[in-house]
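Based on these hints, arrange chain R on the given structure of chain H.
Protein chains: 2
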Amino acid sequence: MKKIIVQKYGGTSVANPQCIKNVARRVVATQKKGYNVVVVVSALGDTTDKLIELAKQITDTPSEREHDMLVSTGEQVSVALLAMAIHKLGYEAISFTGAQVGIITDTSFSKARLINVDGKKIKQHLAKGRIVIVAGFQGMTKNQEIATLGRGGSNLTAVALSKALGGCMCEMNTDVEGVFTADPRIVPKAQKIDYLSYDEMLEMSSLGSQVLQPRSVIFAKKFNVPIHVRSSFSKAAGTIILKEAKAMWEGVMISGVTLEKKEAKMTICDVPDKPGIAAKIFKILADAQINVDMIIQNISRTRRTDISFTVPKAELQKSLKTARDIVKKIKAEQVTFDENIAKVSIVGVGMKSHPGVAAKMFEVMADKKINIEMISTSEISISCVIAKKKAESVVKALHTAFGLDKKK
Amino acid sequence: MKKIIVQKYGGTSVANPQCIKNVARRVVATQKKGYNVVVVVSALGDTTDKLIELAKQITDTPSEREHDMLVSTGEQVSVALLAMAIHKLGYEAISFTGAQVGIITDTSFSKARLINVDGKKIKQHLAKGRIVIVAGFQGMTKNQEIATLGRGGSNLTAVALSKALGGCMCEMNTDVEGVFTADPRIVPKAQKIDYLSYDEMLEMSSLGSQVLQPRSVIFAKKFNVPIHVRSSFSKAAGTIILKEAKAMWEGVMISGVTLEKKEAKMTICDVPDKPGIAAKIFKILADAQINVDMIIQNISRTRRTDISFTVPKAELQKSLKTARDIVKKIKAEQVTFDENIAKVSIVGVGMKSHPGVAAKMFEVMADKKINIEMISTSEISISCVIAKKKAESVVKALHTAFGLDKKK
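Chains as they are written, first to last, in our numbering: chain H, 637 to 1044; chain R, 637 to 1044.
Chain H extracted, bound-state conformation (with noise of 0.2 Å):
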């Protein structure tokens, strides 16, 4: 049997009839390349905002299954939309849905996990000469529900059919080319990167880089699943995203830098340092929904401490609300907030292997005059929280410092 491709294409690639025709294009030529060739489609542009609209008109609240069975039809659309561009084109192909194609899943609706997905009938029909085309970001229950993944869900999708038909190579057809060094709109010089592995790719994703959900990331790195970030309007080579292989990493340091803007910082000041006092103040939190990113507490000599945390701006006053409580119940002394700082973070496998990384990024900022609120590392990534209107400038220094100006 020949090479199994499966290519999603998101929402903004299949947004009218004039793009599900292009996509046909690009769908009939890769078969034509020789390759069996599985389509994974979202809706069509902004359909699942209308459905949501049109269920918002009638309640505030949707039960999660009746909310699945309307917009699963999204993409139900969009599968037969491009099975006829293709038939148009003089091609084979023929359209499921994900219940059809036995894609099930848990019965958490609105955000169902992946139970199992059987390639089985989709074999059967590539064998036939066709393009198979499956409807992405849904499954059924074991009780033949239909159930949707939630955000992200049809990148799921492709990667879980990719492995169901033997971790072939999963493409993300996408309106950017792939993932670069930095966001192209800050840094001019920003290069694509050819090659990323599965935990660079999770850290630029929670790191404030938009173009993969870290959902469909953690699932590929599971299984092993080598996906292709590329654009569907060009022909040219994305970002391709697999395990790490130290030869292809050998002599790059960092892979990107990244910036995110959506976050404050909260400081609840002279907290008694008594053990399990955190414990306590991030149980409320968590309790109250909020989520929390970076956690700092400073090493205390007098019995009393400040700790600080992250929280997206959107949650700010929710979070201030509960931080006060917290002051009262543990007898901290108040809470302090700022909205002005940014994260800017380097990622890259290769910082395991070259010390030093560290002390060069606070290098640069030490140049350009930057304070320093916060840091975090994990294995492949050192973040830092700085006043944001530096953040840009310091992304572009850093960029330039670690060499990703030159493509590699």
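Keep in mind the hints are simulated off the structure, nothing from the lab. Among the hints, erroneous ones may be present.
Identical copies carry no separate label here, and so any pair may be met within one copy or between two of them.
Taking lysine to aspartate or glutamate pairs in the DMTMM-like style, the calculated list, with each CA pair at most 20 Å apart, reads [what the hints assert, rightly or not]:
#1 Lys669 / Asp1003
#2 Lys668 / Glu999
#3 Lys764 / Glu781
#4 Lys1024 / Glu951
#5 Lys747 / Asp696
#6 Lys724 / Glu700
#7 Lys747 / Asp830
#8 Lys668 / Glu728
#9 Lys879 / Asp830
#10 Lys692 / Glu969
Relative to the frame of chain H, chain R by itself:
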């Protein structure tokens, strides 16, 4: 178990969220009266047309399988929104696609025939006190592919579910108050008919009354499913259609007067009158997919005859071309046609036991100096083709002559 009612709501009854909320209130009110309610809904307003328009932008000849995949989403949106609206009122409801509820069809995509409809799953949910909502117009082939039932498909779904649920009442909620003795726009004194037999309804719908597609009535007759045609915007009773019960029609000679203006008359003149010639003519017309309605052949004394028939005006050009080919083939003289005709009919099971109904009809025509061009009769109807410009006044006169102006 409580009595079951199947309620069908058409596209105009669920045209927007406001309408859907109205339907939800009606459904809940029915349940409160002590019934188990199963609801069948069509797609919102012009959704189906919009989907077909999208497909047209891609291809003029969509595959029928993919067409069904596409348009079946319309009803799926409706069922989910209606379930949400019923939940909002505080009642339990659950929505299903045709496939999920076990409506099995053959593989004639876009005009599929029902093979089997299973009421088991619906009964399980009814037994839990839920309102069950089923997407109209669609089912699933044995191979789990989505197939739609063609024009009037939602009505057929409703009748088939009534049958599967033990022959319960099937309410067709629509934008008219019921079936009328004539078109109220033509005959202001037209009355809503309380009861009609299946055969009368069939004659009425095939003779130009737009209320119910014949297909669902034929199915209802076959399985003796009672139908109640009523307005979804009023509480008034509509028209109940059921098996002919002599007592109910005692004294009622005719039930309604209908008018059909969408046909044209064609005549093939001077046809050699020999065995098999009519078969030959109508075989050629059928092969050209032309829907012939009335057929009249005069008795011939000269071994030559004229054959007249009516065809839909929309197919006139195609019919003329075909008829001219026929003239050559069978060595007839020529083809003539007349677009300015109308077919006026009277319908009623009562005419079986009342001799002289036809004579009375012709008398009304004669009083108005109208030339009858064609006559055709069935056991319960008489149709006359006359000049179109006089048709509406004839309908009014017949309505009066047969005593329909006053409520029975």
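Hints and how they fare:
Proximity of Lys669 and Asp1003 under a CA criterion of 20 Å is satisfied in neither setting, with 52 Å inside one chain copy and 79 Å between copies. In this assembly of identical chains, Lys668 and Glu999 lie within 20 Å of each other by CA distance neither inside one copy nor across copies; the values are 52 Å within and 74 Å between. For the identical chains of this complex, Lys764 and Glu781 are inter-copy neighbours only, at 17 Å across copies versus 29 Å inside a copy, given an alpha-carbon limit of 20 Å. For a Cα distance limit of 20 Å, the shortest separation of Lys1024 from Glu951 inside one copy, 18 Å, qualifies, whereas the shortest one across copies, 71 Å, does not.
Taking the shortest Cα distances, Lys747 and Asp696 sit within 20 Å of each other inside one copy (18 Å), while across copies they are farther apart (38 Å). For the homomeric pair Lys724 and Glu700, the shortest alpha-carbon distance between copies (13 Å) is at most 20 Å, but the shortest distance inside one copy (37 Å) is not. For a Cα distance limit of 20 Å, the shortest separation of Lys747 from Asp830 qualifies neither inside one copy, at 32 Å, nor across copies, at 51 Å. With identical chains, the CA atoms of Lys668 and Glu728 are at most 20 Å apart within one copy only, with a shortest distance of 12 Å there and 52 Å across copies.
Taking identical chains as interchangeable, the C-alpha atoms of Lys879 and Asp830 lie at most 20 Å apart only when both belong to the same chain, with a minimum of 14 Å there against 74 Å between chains. Proximity of Lys692 to Glu969 under the C-alpha cut-off of 20 Å is found in neither arrangement, the shortest distances being 42 Å within a copy and 67 Å between copies.
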